[in-house]
Amino acid sequence: DGGITQSPKYLFRKEGQNVTLSCEQNLNHDAMYWYRQDPGQGLRLIYYSQIVNDFQKGDIAEGYSVSREKKESFPLTVTSAQKNPTAFYLCASSAGLAGVWQFFGPGTRLTVL
Amino acid sequence: AQSVSQHNHHVILSEAASLELGCNYSYGGTVNLFWYVQYPGQHLQLLLKYFSGDPLVKGIKGFEAEFIKSKFSFNLRKPSVQWSDTAEYFCAVNAPNNNDMRFGAGTRLTVKP
Numbered sequence: 567d568g569g570i571t572q573s574p575k576y577l578f579r580k581e582g583q584n585v586t587l588s589c590e591q592n593l594n595h596d597a598m599y600w601y602r603q604d605p606g607q608g609l610r611l612i613y614y615s616q617i618v619n620d621f622q623k624g625d626i627a628e629g630y631s632v633s634r635e636k637k638e639s640f641p642l643t644v645t646s647a648q649k650n651p652t653a654f655y656l657c658a659s660s661a662g663l664a665g666v667w668q669f670f671g672p673g674t675r676l677t678v679l
Numbered sequence: 005a006q007s008v009s010q011h012n013h014h015v016i017l018s019e020a021a022s023l024e025l026g027c028n029y030s031y032g033g034t035v036n037l038f039w040y041v042q043y044p045g046q047h048l049q050l051l052l053k054y055f056s057g058d059p060l061v062k063g064i065k066g067f068e069a070e071f072i073k074s075k076f077s078f079n080l081r082k083p084s085v086q087w088s089d090t091a092e093y094f095c096a097v098n099a100p101n102n103n104d105m106r107f108g109a110g111t112r113l114t115v116k117p
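Residue numbers (this note's numbering), protein chains in the order written: chain A, 567 to 679; chain B, 5 to 117.
Hints listed in this document are in silico derivations from the structure and should not be mistaken for laboratory results. No experiment lies behind these values; they were computed from the predicted model shown. Ideal placement from N, C-alpha and C gives every residue a C-beta, glycine not left out. One should not assume that every hint holds.
[Claimed, not checked] Derived contacts from chain B toward chain A, CB cut-off under 7 Å, selection only: (1) F38; (2) H47; (3) L48; (4) L50; (5) K53; (6) Y54; (7) G108; (8) A109; (9) G110.
[Said to hold, decoys possible] Straight-line alpha carbon distances no greater than 30 Å define the calculated DSS-like cross-link-like pairs of lysine-lysine that follow: (10) K62/B x K116/B; (11) K623/A x K53/B; (12) K575/A x K65/B; (13) K82/B x K65/B; (14) K82/B x K116/B; (15) K53/B x K575/A; (16) K649/A x K580/A; (17) K53/B x K637/A; (18) K73/B x K53/B; (19) K53/B x K75/B; (20) K636/A x K623/A; (21) K116/B x K73/B.
[As the list claims (entries may be wrong)] Here are some chain A residues the structure puts well away from chain B; computed CB gaps all over 12 Å: (22) E628; (23) E635; (24) T677.
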């Protein structure tokens, strides 16, 4: 089945630790995205990548980092510099540029203790 | 940058009632418009989309949305809701040739049986 997988579903970390969230897609999509979802705020874009080895900051990139070494993978690292990291993180992908919609993964709920 | 406003944070309806969820966006140029739905415990998924042509678009499960360019609106409607429509609904917009998708804060719909 084609789709997007995110692992793990739930993640707990101690304050001050970096943590990396996995996102893999087998849809052969060029573009991939990371969003953060908080109650009452909708989805806010953290980073996106239109092509391998290239990515752009979204609205709330501070405290996060990404890499795009392979087309199918777009891991997100939540660093200790992120002041409020506890949230639900969604990964998405799309086929490319104009007029396409995004497919979403199941999400990872990160709790920093 | 474009932004999206969803007027209702939480809507509660009885089964068979009609639904209209408001969505307004701020962007002066051509836009692509989307409604996504997130059922409890499930992935965010595309409900319907508008790129061009007939401003009244039909999506899955009996939903439809009307694009009114003069009002910068893309309201979601359903004539008769069911208990299974209980979910969170997100309006989103992007400009053609631009991967930067903007989401509204979401509207939580609760349908009472």
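Going through the hints against the structure:
1. F38: With a minimum Cβ separation of about 6 Å from chain A (threshold 7 Å), the hint on F38/B holds.
2. H47: It holds, given that the least Cβ distance between H47/B and chain A is near 5 Å, below 7 Å.
3. L48: It holds, given that the least Cβ distance between L48/B and chain A is near 4 Å, below 7 Å.
4. L50: With Cβ-Cβ at 5 Å, under 7 Å, it holds.
5. K53: holds, 6 Å
6. Y54: Hint on Y54/B: violated, closest Cβ of chain A at ~10 Å, above 7 Å.
7. G108: Holds - the Cβ of G108/B comes within 7 Å of chain A, reaching about 5 Å at its closest.
8. A109: holds, 4 Å
9. G110: Hint on G110/B: holds, closest Cβ of chain A at ~5 Å, below 7 Å.
10. K62/B x K116/B: The given pair, whose Cα atoms are some 24 Å apart, holds under the 30 Å limit.
11. K623/A x K53/B: Holds - the C-alpha atoms of K53/B and K623/A are around 25 Å apart, at most 30 Å.
12. K575/A x K65/B: holds, 28 Å
13. K82/B x K65/B: Status holds; Cα separation ~9 Å.
14. K82/B x K116/B: Roughly 15 Å between the alpha carbons, so the hint for K82/B and K116/B holds.
15. K53/B x K575/A: OK: K53/B and K575/A at ~28 Å, within 30 Å.
16. K649/A x K580/A: holds, 13 Å
17. K53/B x K637/A: holds, 26 Å
18. K73/B x K53/B: Since the Cα atoms of K73/B and K53/B sit roughly 15 Å apart, the hinted pair holds (cutoff 30 Å).
19. K53/B x K75/B: Judged against 30 Å, a Cα distance of about 18 Å means the pair holds.
20. K636/A x K623/A: holds, 18 Å
21. K116/B x K73/B: violated, 33 Å
22. E628: Answer for E628/A: holds, closest chain B Cβ roughly 17 Å.
23. E635: For E635/A, whose nearest Cβ neighbour in chain B is about 19 Å away, the distance exceeds 12 Å, so it holds.
24. T677: holds, 18 Å
In terms of the numbered hints stated before, the structure departs from hints 6 and 21, listed from lowest to highest.
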